[in-house]
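Colleague: So the sequences go chain by chain: A and B.
Those letters in the first sequence? Residues 1 to 609, by our numbering.
Those letters in the second sequence? Residues 1001 to 1078, by our numbering.
The set of hints was computed from the structure by calculation and includes no laboratory data.
For each residue, glycine too, the CB sits at the ideal point set by N, CA and C.
Ranges of calculated distance between the beta carbons of each label pair, as one might list FRET restraints:
no., chain 1, residue 1, chain 2, residue 2, range
1, B, I1016, A, E37, 54 to 60 Å
2, A, K532, B, T1017, 32 to 38 Å
3, B, S1003, A, Q341, 40 to 46 Å
4, B, F1023, A, S573, 39 to 45 Å
5, B, I1016, A, A68, 27 to 33 Å
Residue-level listing of the chains:
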Amino acid sequence: MDWCWLYSPIVAQFYKIYRTLTYVGATPTGNGIPRPEGEFKGLAEALDVAARGRTGYNFYGGSGELEAVLPYAQLRHQALATARRLARLSLPRHARIAIIADTAPLFHRFFFACQYAGLIPVPMPAALQMGGGDAYVGQIRRMMKSCGAAAAVAPDGFLDLLQTAAKPLGLAFVGGEADFDALPESTGTLSPLRGDEPAYLQYTSGSTRFPRGVEMSQRAVLCNLREIAEFGAQLRDDDRLVSWLPFYHDMGLVGCVLVPLFRALSVDYLSPRTFAMRPRLWLKLISENRCTVSSSPPSGYGLCATRLRLSDRERYDLSSWRIACVGAERINPRLLERFSQVLRPAGFDPKAFVACYGMAECGLAISFAPLNSGLDVDVVDKESIGASGLAKPATGESGVLKLADCGAVMPSYEFRICDDEGREVAERHCGHIFVRGPSVMRGYFNDAEATAEVLDNLGWLDTGDIGYRIGRHLVVTARSKDVIIVNGRNIWPQDLEQLAESSPGVRTGTTTAFEATRPNGDPLVVLVVESKRIEPDLPKRIESLVREHFGVTCYVEIVPPRTLPRTSSGKLSRVTARAGFLDRTHWDEADKPVPKVVPATEGARFANG
Amino acid sequence: MDSPLELELRELLAGITPLPPDFSSDTDLLDALALESTQIMEFVMEVEDRFDIIIDQRQLAEVRNVAQMAVVVGKAVA
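Given these sequences and hints, build the entire structure.
Modeller: Structural data, given as structure tokens:
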């Protein structure tokens, strides 16, 4: 008998596929394949390479149990089959496919099917607020309209909402996984997206009323992935990631779906909802799977520290966690200090904190703090930075501002800090942060006007953020002067204003929204509303509207007409409005705002007048 | 009259935020209680743990008060 067929490569290949398909535990750490030479032409090619190994994506459920395992090999197989089905829809190349980005394998399958089929995936939010079904339908409808979606897919739990949202838009195909599976596979050749073709559209930027989709090319996102993997996080073959970040945010999509793919690493996912309910599961996963890399906005570390039972912490061993990225919102060092304090006994090393700065307009990252050194806080004189914008290192203990150093701008970027007239300012002077480089977006999809506002014809991107530099290091003092960031979510003041103006008794152009900082450093969302009469219910009504649409508590202040500062062209100035609000406001022991003038007296005054 | 289930849910809620004296099963959790999204998630977690059920996001989108939450829980434990 000739047994040598047993050793044939074909059999070995089948055995490998069989092993992959019948795998029951989570994917292992370490891919077991050599790192490829050269550069990827597209995300599909990165998946082709990752699929040669054993690693992949693992999805954990609401009580931390392993729910689904998706090795790269299996993902590739499924994505190719789905791509052939999408091809049956005969959509033009670069047609947009909206994907409700719940934390489930469906997202990866369709995202990569689009890569193979030459279609552009558009991750859509999958976050329902309590009692917020209608608000959600409106939000995804506006996004699908903005990107001109040709087809849309949702996991079963979201399908009816997606169908309602898509109804007036006349998409070519809307369905769940089963509906797409029922399409026959096309036999034609697939031609994956590559080079300067788009990679995806991302709606993290811009308000929900006026959504703006960041269009990233394959080349641009691959450039950012390489820099994150090699320069920023200096990923190793034995790294393993854990993430609870949503796939419809840049930190979740780029940082926790694409970065691991690029380096063929395994990832363990929890849904954002599971994390919000049981933050300890994050620590449990890191502990049990010996994860090395996990990222969160500062508020995530804060939530985890607040909700953790101290008696539970002995159960965790966080000593494997070498990179704890912090980004996506202004970094409040206090939250991170609290986290390290609580979790040091569980082996958490505060040196693991790595501050990062970036935005969807550049894929994800612009700057990365050095590894193994923890959060570097620049302590500056409060008076000086407030008055002249000079971040003078503080000499004493009082009157200081502690700002996180967000690390060195990555090598592929040029950057400059400019004053209001566009002139470059010196080191340690605050100004507008501009960047230029190969991972900057192509623009906002189908929105030349919005693109021109931020991107000039020499390729400089106005980040909208304010900060100063120390050498090549960036310190961000204020994220985009308008955007309000609460619990890692961007909320655009225009959305809050429009919502407030939709209540009876409030006129258009008489409200202004902004973020104020409480004395303890926490953000407070403020909506100032001009009204002729004091209606006792009005603040409460607006607060509940905001809660329903955005899931956050805001503070509503009613002021007499013509209180809000207007520019010479009649536009409301949010910056001046914030200063006015701070002048009118005291803070109580709980850091809650209290008007200096008792509202009743005020009310009586303008009821009479 | 509140059902035993509603009373139990009320008790869980009281562990998260103080309930006003006029609180009832129809009190709107967002408007009247001003629950924030992180508190809502804490409440949902308590409910899931107490009844050993999983409440999916979709069902939650229709819930505004304890009475409606009781319907969701009732269906899940049935």
